[in-house]
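For reference, the chains in residue letters:
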Amino acid sequence: MSIFRMAWVIAAKDLRIEYRSRTALHTATLFAVLVLLIVVFARDGGTVSLATLGPSVLWITIALASLVTLNRAFMLEREHSALDGILLAPISRSALFLGKWLANLVFVLVVLTITFPLWILFYGVAVTPALLLVAGVALLATVGVTAIGTLFSAIAVRTRHAELMLPVLMLPFLLPPVYFAAQATVRLLGGRPLDELLGWLRFLLLYDIAFAMLAAMLFPVVVDE
Amino acid sequence: MTDSDSPFLVVRALERRFGAVVALREVSFTVERGEVVLLLGPNGAGKSTLLRCIAGLARPTRGGVTVAQQDVHRDANARSHLGLLSHHAFLYEDLTARENLRFAAQLHGLDSVAERVEVALADARLTSRADSRVFGFSRGMMQRLAIARATLHQPPLLLLDEPFTSLDVAASGELRERVRGERDAGRAVLCVTHEPGELWEVTTRVIVLRSGAIVTDEPRPDDLQAFRARYDALVAE
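Which chain is which? The protein sequence lines are A and B, in order. Position one of the first sequence corresponds to residue 1 (our numbering), numbered consecutively onward. Position one of the second sequence corresponds to residue 1 (our numbering), numbered consecutively onward.
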C-alpha cells in the first residue's frame with residue numbers, strides 16, 4: 001500500500017478519535033477565544049487601537065492554540081502504548097509522519113476557522129476581500145507550523161512531562177512564522193502594494209519547505225528508540 | 001542455504017546500551033517455525049529490551065535481527081512477519097473494538113478487511129460488543145481484543161511480553177491454548193515471562209538471560225521443578 005494511502009489511514013483514525021472526544025478542538029478553541037478577549041481587556045484603549053494590535057494578536061492566538069492542538073497529537077498514542085502498535089506495522093515511519101501531519105493540519109485549520117471570525121468581530125476588522133488573502137497567509141503558515149509541531153510532539157511524548165516540554169521546544173520555532181505572517185497581515189489590512197507582501201510570503205514558503213523537510217527527515221530517528 | 005533451510009528468526013550478536021548501561025551483551029540465538037521459546041530472567045536482565053529489539057521497536061547499538069531473512073530495522077516488510085502481545089494493549093479507547101481491528105488490518109495492508117475483522121471478533125467472543133468503545137471494556141475483554149489485534153495478520157512469529165500479567169485463570173487457559181494452536185500451525189512463539197509454569201507444557205526451548213547475556217539456551221527439560229532449582233542458581237549474581 002502506498003505511503004499516502006497509509007498516511008490517510010492514520011490521519012483518518014486521528015480525526016475519528018478527535019471527532020468522538022473533541023478534546024483538542026474544544027480546548028484549543030476556548031483557549032483561542034480567551035486569548036483574543038484577554039488582549040482586548042488588557043490593552044490601554046486610549047493609546048493602543050484594536051486595529052494596531054489586531055494582526056499580532058491573531059498570530060499569537062493561532063500559535064498558542066496550535067500548541068494546545070499539537071500536544072494532543074501523540075498524547076492519544078500514549079494510552080495503551082498505541083504508538084508501538086503503529087510502529088510494529090510494516091509501514092514506513094514517513095507514512096506515520098505524513099498521517100500525523102495531515103491530521104494536525106486539519107485540527108489547526110478547524111481551530112483557525114472558528115477563531116478567524118471571532119478575531120474579525122472582537123478587533124473590528126473591516127470585512128474586505130483582503131481577508132481572503134489573510135486566510136491564505138494563515139494556511140501557508142499553518143503548513144510549516146504543523147510540520148515542525150508534529151516532530152516536536154513526537155519528541156515530547158517520549159518524555160515524562162510531555163505537556164510542559166512541547167511549548168518549550170516549539171515556541172522558538174514559532175517565532176519566525178508568527179513574525180512573517182503578522183508582517184504580511186499588517187500590509188494586507190493596510191492595503192499596501194503587493195510588492196511589499198511578496199517578501200514575507202517568500203519567507204513563509206521557505207520556512208514551510210525547510211521545516212517540513214527537516215521534520216520528515218528527523219521523524220524516523222525520533223520515533224525509533 | 002535456501003529460505004526454508006534458514007532459521008526463521010536470527011538474533012545476531014545483539015548489543016544494546018543506554019548510555020553507560022549495557023542492557024544486552026552479544027546476544028545470539030535462532031528460532032525455527034513451530035518452536036515455542038521461553039525467555040526467562042530476573043528483573044533488569046534485558047528480556048523486554050531484547051523483545052523490543054526483535055520487534056523493531058528499539059534499535060540495537062550493535063548486531064542485528066532478521067525475520068524470514070529480512071532485517072527488521074532496515075526492511076519495514078520484515079515486521080509483517082511479527083505480532084507482539086504485551087501488557088500494553090495497543091488499543092484506542094475512543095474507537096470501537098471493530099474500528100481498532102479495522103485500523104490494525106489496514107496498517108498491515110490486509111485484503112478482505114471486513115471479513116477478517118468479523119472472524120477475529122468472533123474468535124475473541126466480542127461480536128456482541130463490536131461497536132462498543134473500548135473505553136468501557138473489562139481487563140479480560142481488552143486482553144482478548146489485544147490478542148485478536150496481535151494475531152489478525154496471522155504472523156509466523158508471535159512475540160509475547162509477560163502476557164499473563166493480571167489475567168484470570170480462564171483467560172490464562174485461553175491464551176495457553178492459543179499458543180498451542182500457533183505452535184501446531186507451524187508458527188513460532190517467543191515469550192518473555194517470569195513464570196515458566198504458565199507455558200511449560202507447550203514450550204520447546206528455554207533461554208535464560210542474566211545481566212543482558214544468555215546463560216543457557218536449551219531444549220525444554222522435562223522436570224519443571226528441577227529446572228526451577230537450576231534456574232535460581234543460573235540467575236544468582
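Be careful, since some hints might not be right.
Stated by the list, open to error - Interface residues of chain A toward chain B, partial, derived using beta-carbon atoms under 8 Å:
no. : residue
1   : 9
2   : 11
3   : 21
4   : 25
5   : 76
6   : 78
7   : 81
8   : 92
9   : 155
10  : 158
11  : 161
12  : 163
13  : 189
14  : 191
15  : 193
Simulated from the structure, these hints should not be mistaken for lab results. It should be emphasised that the depicted structure is a prediction, and the values quoted were computed from it without experimental measurement. Glycine is no exception: its CB is placed at the ideal position from the N, C-alpha and C atoms.
Which numbered hints fail
As far as the earlier hints go, 2, 4, 6, 9, 10, 11, 12, 13, 14, 15 are violated by this structure, in ascending order.
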